[in-house]
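Chains V and G, in that order, give the protein sequences. Just so we're aligned: the first sequence equals residues 1485 to 2163 in the numbering used here. Just so we're aligned: the second sequence equals residues 21 to 316 in the numbering used here.
There are no misleading hints in this set.
Just so you have them, the derived chain V footprint on chain G, three or more residues with Cβ under 8 Å:
#1 53 to 60
#2 63 to 71
#3 80 to 90
#4 100 to 114
#5 249 to 263
#6 273 to 282
Because the hints were derived from the structure by calculation, they are not lab data. Owing to the predicted nature of the structure, the values given are computational and were not obtained by experimental measurement. All C-beta atoms, glycine included, are put in the ideal place defined by N, C-alpha and C.
This is what each chain is made of:
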Amino acid sequence: MSAAGQRRPRRDPAPCRAAWRVGAALLGLAAAATSPASRADSPNRSPAATAIQAPGPRYDDDASLREHAAAVASYDLAVRLDPVVHDLRGAGTIRWTNASDLPAGEIFVQLYLNAFKNDRTLFQRSPFARGRSGRHAAEWGWIDVTRLVAPALGGADLWRGADLHPGGDLEDETLVRVPLPRPVAPGEAITLEFEWTARLPRVVERTGHAGSFHLVAQWFPKLARREPDGRWSGAPFHPHAEFHADFGDYDVALDVPAQFRVGATGSPVDERVEGGRRLARYSARDVHDFAWAAWDSFVERAESIDGVAVRVLHPPGHHANAERTLAALRHALPWLSHRFGRYPYPALTVVHPPAAAADAGGMEYPTLVTTGGPWWLPAGARWVEAVTVHELAHQWFQGLVATDERRWPFLDEGLTTWVEQRALGDRFGEASLLELGGLAVSDTAARRVFAIRHGLTDPIALPASGFVDFASLGGLAYARTATVLETLARVYGERELFRALGRYARRHRFEHPDPRHLVAAVRESAGDAAAEALEAALFDRGWVDYQLARLDVAPEVAPGGTFDGAEGRVVRERGQPTNRWVGRVVVRRLGTLRLPVEIELRTADGGRERRAWDGATTSTVLEWTGSSPLVSAHVDPDHRVLLDQDLVNNLRRAGPASTPRVRERATLVAALLLALLEP
Amino acid sequence: MMTSLQSLRRLAWLATGLWSWRLAAALIVAAPWVDLARASGAAAHADGDAALFSSGGLVLLDVLHRAEPGLRAAAWTTAAAFALLSLAGALPLAAVLAALATRSRRGAFAWLAEGTAAFPRQIAITAGAGVGRALLALAAAWAAVTVGASFATPDERHADLGRVAILALGFAGGAGVGVVADCARVVSLRDGLGPVAATRRSLGALRAGAWWVVRAWSWRAGVTAALSVAALVAVARVDVSRPEPWRPAAAWLAGQLCLWAIAALRVSWFARLFELTAPEPPAGGSPQAASPAADW
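Model the full structure from these sequences, guided by the hints.
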């Protein structure tokens, strides 16, 4: 353990921080208590004070990168798609190793498609919590396991003894507990043989069909992950939640109609047409999930980017979007590999769903991502680029650094959002979200609005089920995390933050880290102050609002009165002007985050002066004297502290506010409308 | 009789009058947004409201987010002001028509008085045209949704382009209603007819000289559209996020020049309509022969 990586004792332990950490844990407990599988999925817990070793400088480049993951759960699957009724019929084996420190007397199996089985499932039952798309399943989907056998454990059908409702929720069947005839010892591997049938719903929550288009995700019986302490991290499928699983190797044989084109996780091993069916086999190593898409109208565009075989599967008429997708990948793939460790897979598939299946867009699976956007999208609207880069960034943050998306959604979505902002910013500058008619809007600025809107509601570090709705999760886990990271980069150094995330991503490749590992990496590279700000922002609802409270300006006058000096007593008249000016600026800091800022003072003769303030106290007073009067003061003029709740109260000027530009623009638009719509 | 130069000068003055009205109305319509910007505090920056236009939109989005409750009120105020001023716009337009109807130099007040007298008939024509356009817009929207949904092809362009074609037809219909209404305005003011009779007569005149009317309207409509785009492009090219005061002034000037030109086109359109809807064809048999050089 390096000294730099050791967690130092807090110099100023804030009681409210501890209280909030407890609060966050309690919220997690409450959320888990409502979960039918609380037995399998322990609540969100504070990272507490366990010392975590920082990654160290050896992870500044790829020399120490792990080549492969430990294959804990590997799948051989064969599945046949009926595109008319949207049924799947499959069989396969799982080679599972008990990688925990304790014997396993049971296994937990996730049956995600049962989330859409009826209106009473955990996913469907609330009329208000409706997942990421905001929609319930319009058509039912389900999955039935028809056989589960472990030959090494006696060969009996284990599914007969399965508990379909291990958490006591009799209406949800998305997590199933299967008792084993005998415990599987730590390090012991077993093979499970199984068969299943499933029906895909109409596209909902990034899986399902729309006409003959099929995005087949979360489609097979999948083992929950067993943590090193013997705890199963599986959970019923909550509307806000995503996934968590062990790494392994996948070998999947797909059987679809011959006219269908297929894209899937991994690389194609074999593909042939027999009896009117297309038989395609895909192989993927070191992944923790497998998804595929099939459609008879896919158009394919392929290219090698940074040594990776990239396929873009898109609807007819989306050629421009395919080119935009590839252009985004040409920039982002090497950009991400350079900063967070090389992309380790030989292939990447991007699926652009048709408009009828738009809800299938914007999702990440290992080596397969879905993007989206209409065919007519103007070039200045970076929707395709933003979604593509975001989902690609997930290949690192969640794909390779496989954090638990249910327990810590900010760890993948927040980091990914920040990386997306940075990658797009490097390519498009300040117009990284929109460039239209002279208006340039950055992804960072847009996300900041959501971050501020939700900043004072809940902590960021909640489990997915702990957020009151998906808007709150989006505002906090996505936008606010990204805004926190951007603030740290601007305040404590961009290079330092990239180094921290680079080390974190390389060190924990093919692992399942938690927030402690992220904080340790930030502490190591960006310092204690940055790490403490990060912790406060993540766990304690840390916030800040700098205010320029007062700006006073007056002519300087010579002091009057009776003065005794070397030349004897001198009496000076009061109020004699000196032809100089004095000023006083009062700056306040509200909130719990203490971040250093600069204050810019401007004078009537065009002079500018910057003063630094460490923000350690709740206010500061700046005294000023000069030959020209102060005309304005601005806290944080470079907008380093993006977390600042209100940017506009950072300003003050002597004299009236002026709005010539707004008047000019608003008048022009109004006059044009009046002219064009005139009677 | 007025010479061509006098006609041009009068047209320029009338265009200036119409532009002035529009500018005044635009200032009223825009006022809630200017107030909102001023109240937001963003204009307290040393560079005034330049920060609202800075690249990246950080301050702009912050202000919009913070002003969210006020946005709705500003939008409603603007919409109400826009509707009222659009209707009130019939009065200066009537004055312009009165000026065009008489070849003598009677002065702005006399034209305004004539316009005021004609205002009830003019506003009735405006209202009728508004209803017609609204019905057309509704029909086009309904058809676009219904017909668009019936395209069963994986190529989304077919359905979307079908919708666009339907909306374009609706737009063309709306433009046609506007042309008829303009003719009716001219006929009503010149002949003192009510809205129905004026519309009937203008339809007859349009039937007789449809080609000339379409030609006269279409090039002006094209130039007006181009000028509108040019105005937006021109102001967008002036980087008002910089602090120099000449920048907003330059942007204002560029935009208003385009708006003045649009007003001039509108006035010239009405001048042309007076000729095209003249009750008795001039010698030569066609409006074109009567005034071949007048279509400016």
